[in-house]
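Starting from the structure of chain X, add chain V where the hints point.
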Amino acid sequence: MTTTAFLTDSRLCIGCKACEVACKEWNDVADDGFHFSGLSYDNTLALGHSTWRHVQFVENPPIPGHGGNSGDAISWSFLSDVCKHCANAGCLEGCPTGAIVRTEFGGVFIQPDICNGCAYCVVTCPFGVVQRNPQEGRAFKCTFCYDRQKVGLQPACATACPTESIKFGELEDLRQQARERIDVLRDRGIADAEIYDPQDSSVGGTHAIFVVRGDPRAYNLPPNPEVPTVHLESGWRAAGIGALLMTAATVAAFIFGKSSRE
Amino acid sequence: MSSPVPREESRLLEKEQRLIEIRREAETLGEVGRDGVRPGG
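In order, the protein sequence lines correspond to chains X and V. Counting along the first sequence from 1, when you hit position 176 you're at 179 in the working numbering, and nothing is skipped either side. Counting along the second sequence from 1, when you hit position 11 you're at 273 in the working numbering, and nothing is skipped either side.
With the rest of the complex left out, here is chain X:
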């Protein structure tokens, strides 16, 4: 079975939010409420239980050529954020019920009929993607349109994207496309164009690769995401040493306490 992925190119995104709408339409995800956040043109603000694609509006200083055409007005960079479907997924490792599984396409899928709402996945996700629905208690995130992929269709967001900022395909093909895209952008003078695919971190790479400009942290992409289970070994070691010291102290108390009474 093909290992699939998203390649999301911030340089092609026009911030239309068609991906957000398409995701909600296909997956029957409820609205997020109609609140005015006052933060740029972004009222969705973050990924969550009812936002499985989120278009970020990153405001840049007024530098001509940095996306804008005026030296007076700010410009925007847009990026459609999504679950990263990590190669080593913190949510999957943390789930105690087996509700979170790895699909045959390499995606990470929460089975809603098994999820018991413990929220371990919420705290173990290194990207803050998973969220529990406060009304009914279960956790939700992008399904990677598993139902569509099973019948040979691409995810709804990639289908609706008008600029092909969201590409869907085979993982290694997309990694190659991302490298070629970076070469093109740098040839055009965009020297700070970067690929975000943290293969050297403990998540071991993702199934959602991004092309961004400048510091990925501006797009809510941590430079070194960590799966919490990497701390297990040192945690157990510290607990073991602590237990040995406590045992030694208890034994010493018996021995020396007894000898002092004699």
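Be aware that one or more of the hints could be misleading.
To give an idea of the chain V side of the interface with chain X (calculated C-beta under 8 angstroms), a few residues [claimed, not checked]:
| no. | residue |
| --- | --- |
| 1 | Arg269 |
| 2 | Glu270 |
| 3 | Arg280 |
| 4 | Leu281 |
| 5 | Ile284 |
Keeping only pairs whose Cα atoms sit at most 25 angstroms apart, straight-line, the calculated SDA-like set for lysine to any residue is [said to hold, decoys possible]:
| no. | chain 1 | residue 1 | chain 2 | residue 2 |
| --- | --- | --- | --- | --- |
| 6 | X | Lys153 | V | Glu278 |
| 7 | X | Lys153 | X | Asp176 |
| 8 | X | Lys27 | X | Gly155 |
| 9 | X | Lys153 | X | Phe108 |
| 10 | V | Lys277 | X | Phe108 |
| 11 | X | Lys153 | V | Thr290 |
| 12 | X | Lys153 | X | Gly208 |
| 13 | V | Lys277 | X | Gln152 |
| 14 | X | Lys27 | V | Glu276 |
| 15 | X | Lys27 | V | Ile282 |
| 16 | X | Lys153 | X | Gln114 |
| 17 | X | Lys27 | X | Gln114 |
| 18 | V | Lys277 | X | Phe112 |
Facing chain X, a subset of chain V residues (Cβ under 7 angstroms, in silico) [claimed, not checked]:
| no. | residue |
| --- | --- |
| 19 | Pro268 |
| 20 | Arg273 |
| 21 | Lys277 |
| 22 | Glu289 |
These aren't lab readings, by the way, just hints derived from the structure by calculation. Since the structure is predicted, the reported quantities are computational estimates derived from the model, not experimental observations. Just so you know, even glycine gets a beta-carbon here, dropped at the ideal spot from N, CA and C.
This is chain V only, laid out in the frame that chain X set:
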């Protein structure tokens, strides 16, 4: 009289059609992007 397309399948086709409509609506914004002028800048 029953529909020639099963109800569930018909609903999915309708939703697939809706995705195409969403893309077409968004493409009107894409027109703005073609000459390098993007919303907000």
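Verification of the hints:
1. Arg269: Since chain X brings no Cβ nearer than about 16 angstroms to Arg269 (chain V), farther than 8 angstroms, the hint is violated.
2. Glu270: violated (12 angstroms)
3. Arg280: Cβ of Arg280 (chain V) sits 5 angstroms from chain X, so the hint holds.
4. Leu281: holds (5 angstroms)
5. Ile284: holds (5 angstroms)
6. X:Lys153 with V:Glu278: holds (15 angstroms)
7. X:Lys153 with X:Asp176: With Cα atoms ~20 angstroms apart, Lys153 (chain X) and Asp176 (chain X) stay inside 25 angstroms; holds.
8. X:Lys27 with X:Gly155: With Cα atoms ~20 angstroms apart, Lys27 (chain X) and Gly155 (chain X) stay inside 25 angstroms; holds.
9. X:Lys153 with X:Phe108: It holds: about 9 angstroms lies between the C-alpha atoms, which stays within 25 angstroms.
10. V:Lys277 with X:Phe108: holds (23 angstroms)
11. X:Lys153 with V:Thr290: Distance ~31 angstroms between Lys153 (chain X) and Thr290 (chain V) Cα, so the pair is violated.
12. X:Lys153 with X:Gly208: holds (23 angstroms)
13. V:Lys277 with X:Gln152: holds (15 angstroms)
14. X:Lys27 with V:Glu276: Roughly 14 angstroms separates the two Cα atoms, so the pair holds.
15. X:Lys27 with V:Ile282: holds (14 angstroms)
16. X:Lys153 with X:Gln114: holds (15 angstroms)
17. X:Lys27 with X:Gln114: holds (18 angstroms)
18. V:Lys277 with X:Phe112: holds (22 angstroms)
19. Pro268: Because about 15 angstroms separates Pro268 (chain V) from the closest Cβ in chain X, which is outside the 7 angstroms limit, the hint is violated.
20. Arg273: This interface hint is violated because 10 angstroms lies over the 7 angstroms limit.
21. Lys277: Given a least distance of 6 angstroms, the restraint on Lys277 (chain V) holds.
22. Glu289: Glu289 (chain V) check passes; min Cβ-Cβ to chain X is 4 angstroms, inside 7 angstroms.
Checked against the numbered hints listed earlier, the structure breaks hints 1, 2, 11, 19, 20; every other hint is satisfied.
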